Amino acid sequence: MRKNLLAFFTLLCTVGPAAAQAPDFTVTDSGGKVHHLYADYVNKGKVVVLEVFFINCPPCSAHAPHLQGLYQQMKSEYGDRVEFLLLSDKSADTNPLVQQYRAGKSLTMPAVGSDGGSVTAVQPYKTGQFGAFFGTPTFVVIAPGTGQVFYDIRGNNAAGTMQLLRQKIAELLPVCRIHTPSGDTLKTYSMTLSVPGGSTSVKYTVTNGAYTLEAFPGLPALPYYEAVPTKNDNPLNGVSTFDLVLINRQILGLEPFQHAWQFNAADVNRSNSVSTIDIVELRKLILGIYDTLPQVPAWVFSPEMDTLYPQQCPEFLAIKKGDVNGSADPGNLLGAETRHSEAWPVFFENQNLIAGQTRTLRLFARKAGQWSGFQAAFRFDADAVQILDVRSSLLPELDESAWYMSDGRLSVSWLAPGGSVSVPEGFDFLELDVLPLRSGPLAAGLT
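Residue 34 in this note's numbering sits at position 34 of the sequence shown, with consecutive numbering throughout.
Calculated directly from the structure, the hints in this document are not laboratory data. No experiment lies behind these values; they were computed from the predicted model shown. For each residue, glycine too, the CB sits at the ideal point set by N, CA and C. Just to be clear, a hint being listed does not mean it is correct.
[Stated by the list, open to error] What follows is a set of in silico ranges between Cβ atoms, one per label pair, in the way DEER data are often shown:
(1) Ser182 x Thr276: 42 to 50 Å
(2) Gln386 x Thr185: 41 to 49 Å
(3) Gly183 x Leu437: 49 to 57 Å
(4) Arg366 x Pro303: 43 to 51 Å
(5) Glu255 x Glu315: 22 to 30 Å
(6) Phe348 x Met305: 39 to 47 Å
(7) Pro124 x Ser190: 28 to 36 Å
(8) Pro96 x Lys126: 19 to 27 Å
(9) Gly408 x Glu255: 30 to 38 Å
(10) Glu315 x Ala368: 24 to 32 Å
(11) Arg379 x Gly160: 42 to 50 Å
(12) Arg359 x Pro303: 32 to 40 Å
(13) Met405 x Pro441: 30 to 38 Å
[Claimed, not checked] Mimicking BS3-like on lysine-lysine, the simulated pairs with C-alpha atoms at most 25 Å apart in a straight line are:
(14) Lys90 x Lys44
(15) Lys75 x Lys33
(16) Lys168 x Lys75
(17) Lys203 x Lys75
(18) Lys187 x Lys126
(19) Lys203 x Lys44
(20) Lys75 x Lys187
(21) Lys44 x Lys33
(22) Lys126 x Lys90
All chains should be modelled from the sequences, with the hints used to inform the complete structure.
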């Protein structure tokens, strides 16, 4: 019976120190800045990484470039949510000497000497309170909010130690991300966190794809909040006639959508259904008649709102309206995406134009094929030529709704009404009636 009680008591003693809290300290670094462990860092939701070192420690010198690289990476990723502090455990290491060490190793994190309070600050980590002390360098990670100590994080070598530190920081500072249907991280958007009922809210702009709930100061401490993401820029991103083809195939029953998000993306008039009206609205965006879709933002999110608990990332799917093939660029670096469509070579005869005499320009397909739709844009010099009409004797339903002219640009977006049309090689599929305003070769006024 005694053996069982003793074993149980030993187990409790083993578990206890793992959750021990870091003693508070106040130190002054070699640059004269004062650091309060809890007031400046722990109580503000920041991770603190301590290195117990001394300036003549060979292993510390070997770790220095690795530590500097990790520090720069963590600062880039987490900003002021993480801080590193070098604390000397030697009385002889005064702040001026520590500053020389710091400069000699090209270190940019704060470092503290004995006259800045370092010896007192590191003493608890050398007494066995958190575990055996095996000398310098010893790395300690202190958790945000709680001050919990993760003691003597140590790998097989310097690089291994940095990897373990990196993992621990990531574990303590989780970042939230919103993904697109293709699995990419949405880069830029706004996130609003609100007290249920909307009495208090904070809006935060995300610029690098990741955010944390600690980035929303000013909200009262509650069991949960309401989160609403928004994004309404570059409405043409990911939208092309190929999306119209896919929507048309869904409507005709030729190729039904496979995912619920595709229905959401296709329903651009918010009718809770997918119809030819959505195609009409999207075509106006593609042609340039619309700058934005009139009834919806460029991006929507599923679900529209999430109720989340502190430290819990909401799970949203970002859906680009009109983009049913998931080709939108999540970083907004591109416009309309055509990677799922095929470029077909076309040609036209370069005629000599005479001012005032209307001519018909015919565009020919260079190879035969089945066309489900096509999209084209032509630049023309409005001082050299006017485009009077666009038509096709080959492609059905290519009427005025399929083309638009504005500011020296002709845009065409055509969709095969029955799903596809056979286009023979060398046959003209598009005719443009043009009125030359000055004489010269056609190629000089149209591209």
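So which hints don't hold here, by number, going up? 1, 6, 7, 10, 11, 12, 13, 14 and 18
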